[in-house]
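Heads up: the protein sequence lines correspond to chains A, B, C and D, in order. The opening position of the first sequence corresponds to residue 1 in full-length UniProt numbering, with each subsequent residue numbered one higher. The opening position of the second sequence corresponds to residue 1 in full-length UniProt numbering, with each subsequent residue numbered one higher. The opening position of the third sequence corresponds to residue 1 in full-length UniProt numbering, with each subsequent residue numbered one higher. The opening position of the fourth sequence corresponds to residue 1 in full-length UniProt numbering, with each subsequent residue numbered one higher.
Some clues are possibly wrong.
Identical copies go unnamed one by one, so any copy, or any two together, can satisfy a pair.
As the list claims (entries may be wrong) - Only pairs whose alpha carbons sit at most 30 Å apart, straight line, appear in this in silico DSBU-like list of lysine-lysine:
hint, residue 1, residue 2
1, Lys246, Lys288
2, Lys176, Lys288
3, Lys185, Lys288
4, Lys185, Lys246
Simulated from the structure, these hints should not be mistaken for laboratory data.
4 protein chains.
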Amino acid sequence: MSTATSELGVGMVGYAFMGAAHSQAWRTAPRFFDLPLVPRMRAVAGRDGAAVRAAADRLGWDDAVTGWQELLTRDDVGLVDVCTPGDTHAEIAVAALEAGKHVLCEKPLANTVAEAEAMSAAAEAAAQHGVRAMVGFTYRRVPAVALARQLVQEGRIGEVRHVRAQYLQDWLADPKAPMSWRLDKQKAGSGALGDIGAHVVDLAQHVTGESLTGVSGLLETFVHERPEAVSSSGLSGVADAGRTGKVTVDDAAVFLGRLSGGGLATFEATRFAWGRKNAIRLEVNGSKGSLAFDFEDMNLLHYYDATEESAVAGFRRIVVTEPEHPYVAAWWPPGHGLGYEHAFTHQVVDLMGDLAAGRQPTPSFADGLRVQRVLDGVERSAAGGGGWVSLA
Amino acid sequence: MSTATSELGVGMVGYAFMGAAHSQAWRTAPRFFDLPLVPRMRAVAGRDGAAVRAAADRLGWDDAVTGWQELLTRDDVGLVDVCTPGDTHAEIAVAALEAGKHVLCEKPLANTVAEAEAMSAAAEAAAQHGVRAMVGFTYRRVPAVALARQLVQEGRIGEVRHVRAQYLQDWLADPKAPMSWRLDKQKAGSGALGDIGAHVVDLAQHVTGESLTGVSGLLETFVHERPEAVSSSGLSGVADAGRTGKVTVDDAAVFLGRLSGGGLATFEATRFAWGRKNAIRLEVNGSKGSLAFDFEDMNLLHYYDATEESAVAGFRRIVVTEPEHPYVAAWWPPGHGLGYEHAFTHQVVDLMGDLAAGRQPTPSFADGLRVQRVLDGVERSAAGGGGWVSLA
Amino acid sequence: MSTATSELGVGMVGYAFMGAAHSQAWRTAPRFFDLPLVPRMRAVAGRDGAAVRAAADRLGWDDAVTGWQELLTRDDVGLVDVCTPGDTHAEIAVAALEAGKHVLCEKPLANTVAEAEAMSAAAEAAAQHGVRAMVGFTYRRVPAVALARQLVQEGRIGEVRHVRAQYLQDWLADPKAPMSWRLDKQKAGSGALGDIGAHVVDLAQHVTGESLTGVSGLLETFVHERPEAVSSSGLSGVADAGRTGKVTVDDAAVFLGRLSGGGLATFEATRFAWGRKNAIRLEVNGSKGSLAFDFEDMNLLHYYDATEESAVAGFRRIVVTEPEHPYVAAWWPPGHGLGYEHAFTHQVVDLMGDLAAGRQPTPSFADGLRVQRVLDGVERSAAGGGGWVSLA
Amino acid sequence: MSTATSELGVGMVGYAFMGAAHSQAWRTAPRFFDLPLVPRMRAVAGRDGAAVRAAADRLGWDDAVTGWQELLTRDDVGLVDVCTPGDTHAEIAVAALEAGKHVLCEKPLANTVAEAEAMSAAAEAAAQHGVRAMVGFTYRRVPAVALARQLVQEGRIGEVRHVRAQYLQDWLADPKAPMSWRLDKQKAGSGALGDIGAHVVDLAQHVTGESLTGVSGLLETFVHERPEAVSSSGLSGVADAGRTGKVTVDDAAVFLGRLSGGGLATFEATRFAWGRKNAIRLEVNGSKGSLAFDFEDMNLLHYYDATEESAVAGFRRIVVTEPEHPYVAAWWPPGHGLGYEHAFTHQVVDLMGDLAAGRQPTPSFADGLRVQRVLDGVERSAAGGGGWVSLA
């Protein structure tokens, strides 16, 4: 499958939800794709020795270490994969880049613009030496989303007039759902805005190929106090009957944006939309057609071609499982759909390809910084009562 | 079907799109519903004598007159139905009320807040004498929308957290679509904002039972010059190859709002969403459940009950054609859906019931004024660069 | 709207569900369409004098008579509209044709093939004298269905490989739903097969332009005894606690068919599909594309064009509300959908056009007989244990 | 992750489409699930030495062998996984069982009833010694399908009245799609009937917990001659311009069935339904509710509860991604859907659990034989002109 010279040792930091998803991707990518550079799962790092050891066994890592710093000194590690909460991203990523390791860092890039700027600067410096950094806006690599971008780039929908982007979840709608690090401003930076709003900001800019030049928005916390979690399971954990904790982040964010091409954008990110489990919705209306996507039907893309004759025009429900579709040829026959984790596998595929070719992978840390500035603009608008904030 | 004392003579002003819809409603309501007060289609008014005569014949009015003022002096007319462009609403409606005629006025109530205030004051004065005024936010009376309001009122979704409301059309997305009075600020007051945004503002407030306390928004005109229409057909008419006219209204409006109960609302009104023909979408997320509606499937309401056991919870696709549903018992068996014009018939039914009972029909002119103030807030926000405008 | 010479007096027999639908159509057609022959609603016939008088007032008929025979001798009646249970169709329709009256007869044409043959013969004889007969397979005139046929005729889907047709209701799934004439073999001829199966047999043949050359099938009655109805309301009425009646028809029918062009067809008609209210589903797969329709979304047609490039091919969700679509130009702007009863209005429009032009309206009684023979074939197959019955 | 005593060596025969899917499952199951018996991927067998070696490397097998018989003599292989065309199933599976190896065999169990009977007998004999056999009707283990069965077993939809089951693909609708072993009766036994019809027969019986007592059906081959494939890719390969081959199996099958509980079933299996890529649709209507599934939206199950109050009853769109749903807790948070291959992982999980516990895994070879008898019944009905064939 590979020779020694075309291997890349990977060290991962963190092994919770994102760590499991990344591990599945590192394991699976070489099984379905011909990679010019083959990842080797060298070591996973965590603070609790027994837990990280168990995680290494379960997730398929050769080794377990209790300090992420250890990964930076290992010769068999060429890339550090950062899967920890946002407050640690800057420290780990910058140190790893300075140690000459490629970095894949989960989103959002950081908890503050200042951190993101430092990271972006570190990435730029490292790139001078061929050391690369990438931020994990994974949903870009859902085939239907990648197809949407491709259709925009081909000019199929013309100039972009409207983007409406929503990321709707419901795991906090129940006031008895327990605390988690995601609800602690110290760890998470922000709430729905940074955790899921970041994804739709990235998708809106990525799919249209444009950037946001200004925003206005509102943030809201509907439930200010929650039971502490006794154990963690999935996103939300299990509540402790007695103790409570204070929610210090937003439960929901709504914002407007202006696109660089002149179009209008609306955004919504919430964990309070009962019945919407992971509804990432993106609709783009252009001068020649429209595109619509909803992650709850992740193998579908809807496309309206306004140049069709009127009697038979209609949104086409494209089942994005054809070999002609991005990433799909490596998988199953038409109609045999993919799931959530496949986008992580595609991320590994693209990253290995770029590293092997000496190309800058995307989204870069600079791209991540740009998203961070949009989020920061929304926070400033909300703090100032909802006024307009220019990002130009 | 009725005795002389339980009849109400109706005079209608205007006979284009809205006039046709209203006529169908006046004709049809007594055929399916037991009305305590039966409308008689006495006369239709218009400026062009031959055209209004032809319209009277086609639409089923006893008489045709060439000045709306004539309707006000007729003893056989007890109600004036105003179906003209917005710039004429105030003059006609106020005069009719002062002449002691009930008034049904198409939306938006007026082109400016000042006019709407005058109309609302006139309506209040007339009400002292039992003369009533109502504004035609007809979509309230689509059975699925009426059911949505009822479920909110019953407490089924708890406190409202989110409203996301969109009114998407595409009839102007083609830059060659011709001018119409709807694109002329003088006649129409505003563009997408007043024409269709008004509907979703009303629906959001009506379904939740709350009001908007502040807004921020952006307006945009994507196409500034269009061919003049040589003839009118449907919404958009037929283009004249040579002459062009200037579009003086917005093509699209996006705005955020805060609800009186503390929830967040997003709004979008556009005629540039290719492939969306008349997509009035309303989703409401509450503390105990959610509701979702799309006029492109107007006989459906989607309802999520968060108190269900998790394994079988899901949005219920309610086919709103059961006899238990609002207005439906008078029509067809389950599954035999209704169409656009039925909401106008329901408007007649409710109006006749209220007038017979001496009740104030809803939405009142005061309700219409409240919507107008929201639209005005959005315009002021947009004019000021998107800042927040308090409506309290 | 018309001159004396271009009017046609109509007399209707029966005034229940179908009578109400037909009356709305007779009233409405001339209001939206330019008709070369304008119907006048002269008289409605029924057995109960007081009830028929009330129905005439409510439904808008000039006169009420207590014997349908009376309609045949009136000079002001040129067409008899038969809206009674199936056991009376043959007698009334044949007599009317022999009296020189055009006939519109509800489906199914008759309760037996013998009756249908007699009716077809009478229609053929009458046609010699310019007297026309038509059977009311109304769903043909839902715009989305008419568009489906048009696309097949244009060759858009090529040769037909598969038809899958279902008519699913649930109003008898509750064993406490009461008896009605529709459950009595004497009155109704058959159950789900003739009442709703007839519609999908007609639609399958009409949309494809082919005929069924053989069938095999099963019939089933799930609930054999039901409470008698104390009053009738909608399809199912209100149950009487004490008395019960015997169901003598099928509750459900499933059958296979072979199309004249060699394709395969599956059919299902049932009133026991909980949650499906009036789900008339038709999917046709051809050598070049596919079409799909579901009456629960009656304004939509789904069309797959297999000649599209693979990356963007997908079922198009056509919102059948464009002026280019059959019947639609006379109604509302795009996206403002139609309802159940509009197909009856279109039936009047087509019938008036054909009569004015001296053309045979479709579906003719011969077409109705062909459907009857299919239903009879299914009944013979079921009676014989499910074997194949050739219809050639 | 395991001790030596709780491991099971696996040897796989075949490494094409099914081999890739099975390999992913063997690799992945222990990463997400706590297995009482951990599979070890010992060896893959194939005829072409170089190809099987490459496959072993890519798919993650320790070893590659060129004769399946070799697997039977290895001590480190405790289970043989048969992923070859149907004509080889009987020989391999029977030999493996006789050699004391557990067997997992792809569906359909065999190409003929006689072979299936021999296999079932061998499985029964082996079971006496604790050696187990299972057939791979994998779709049972899609979470939404498993949930459907569970809801039926809990009595949620009452007695089953109707099953409508369809498996629709389109990869042969183009007459230029090339030959494959799946179109050769010698290798495949039958066409759409055995390849995909087998799945929906199994699903119908599995979800309802009933069996088919009789069938009638039609088979059809629409395209009799096709270009030979020069290379294989996905299901359909790439066509050779010059040579053609003869299709000796059915392109499509339609059939009716009677369920053991008295309900009616309709089936359709075709590769000629343009636009339907892998649409496995199952709808079950019971006396108290309904269920509906479509693999094109594989993470959804639709459930109608007829005991709900009428005003809010509706098909619930259950997003089957909650931890309470079958198999889901081991994967991702709600809304992060699964894909096609996950059902294979679940198959491994269930099989390992059963083997560790000494239980008979399901579906057994006897279950596979029962499906085979249904398929045989359909073939006999079709051969005899579509008459009824009793399976009792």
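* Asked: Given identical chains, is lysine 176 near lysine 288, meaning Cα to Cα at most 30 Å, within a copy, between copies, both, or neither?
  -> between (47 Å within a copy, 12 Å between copies)
* **Within, between, both or neither: lysine 185, lysine 246 at alpha-carbon 30 Å** => within (10 Å within a copy, 51 Å between copies)
* Asked: Within a copy, between copies, both or neither: where do lysine 246 and lysine 288 come within 30 Å Cα-Cα?
  -> Answer is between: at 22 Å across copies they meet the 30 Å cutoff, but 49 Å inside does not.
* Same-copy or cross-copy closeness of lysine 185 to lysine 288 [CA-CA at most 30 Å] -> between (43 Å within a copy, 26 Å between copies)
Of the numbered hints listed earlier, not one is contradicted by the structure.
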